[in-house]
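Trainee: Here the sequence shown is numbered in my numbering, starting from 1 and rising by one per residue.
Any given hint could turn out to be false.
What the hints assert, rightly or not - When the alpha-carbon atoms are kept at most 27 Å apart in a straight line, the in silico DSSO-like pairs for lysine-lysine are as follows:
#1 57 / 67
#2 57 / 70
#3 22 / 57
#4 22 / 59
#5 70 / 22
#6 59 / 70
#7 67 / 22
Hints were generated in silico from the structure; no laboratory data involved. It should be emphasised that the depicted structure is a prediction, and the values quoted were computed from it without experimental measurement.
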Amino acid sequence: MEDEFTAKMHSEFTVDEETDQKHRAGTTWGLIGFDADEASIRHWAECYGTTYETCMKWKSYWRTLYKNSK
1 MEDEFTAKMH SEFTVDEETD QKHRAGTTWG LIGFDADEAS IRHWAECYGT TYETCMKWKS
61 YWRTLYKNSK
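From just these sequences and the hints, can you work out the full model?
Mentor: Right, here's the structure in full:
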């Protein structure tokens, strides 16, 4: 019973792969800024477990979000 409860609790905190990658891209952009060069984007994307291509896919989304938060 305790294992089932723990599994249920943990399942409430999981996200699908696309959301996970979107958040990793957002973390990358938050660290390096939106004017970073390709080499920096590639380096930090790898550090955060995502790719350059994924970061570029979500760049506009995160840039808009950051602009609107100011």
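Trainee: Please verify whether residue 22 and residue 59 have alpha carbons no more than 27 Å apart.
Mentor: The hint holds at about 9 Å.
Trainee: Keeping to a limit of 27 Å between CA atoms, is the pair of residue 22 and residue 57 held or broken?
Mentor: holds, 9 Å
Trainee: Would you mind confirming whether the straight-line C-alpha gap from residue 67 to residue 22 stays at or under 27 Å?
Mentor: holds, 17 Å
Trainee: Is residue 57 within 27 Å of residue 70, Cα to Cα?
Mentor: The hint holds at about 23 Å.
Trainee: Are residue 59 and residue 70 close enough, with their CA atoms no more than 27 Å apart?
Mentor: holds, 17 Å
Trainee: Hint check: residue 70 vs residue 22, CA-CA at most 27 Å. Holds or violated?
Mentor: Judged against 27 Å, a Cα distance of about 21 Å means the pair holds.
Trainee: Straight-line Cα separation of residue 57 and residue 67 no greater than 27 Å?
Mentor: Given pair residue 57, residue 67 holds - Cα atoms ~17 Å apart, limit 27 Å.
When each numbered hint is compared with the structure, no violation occurs for any of them.
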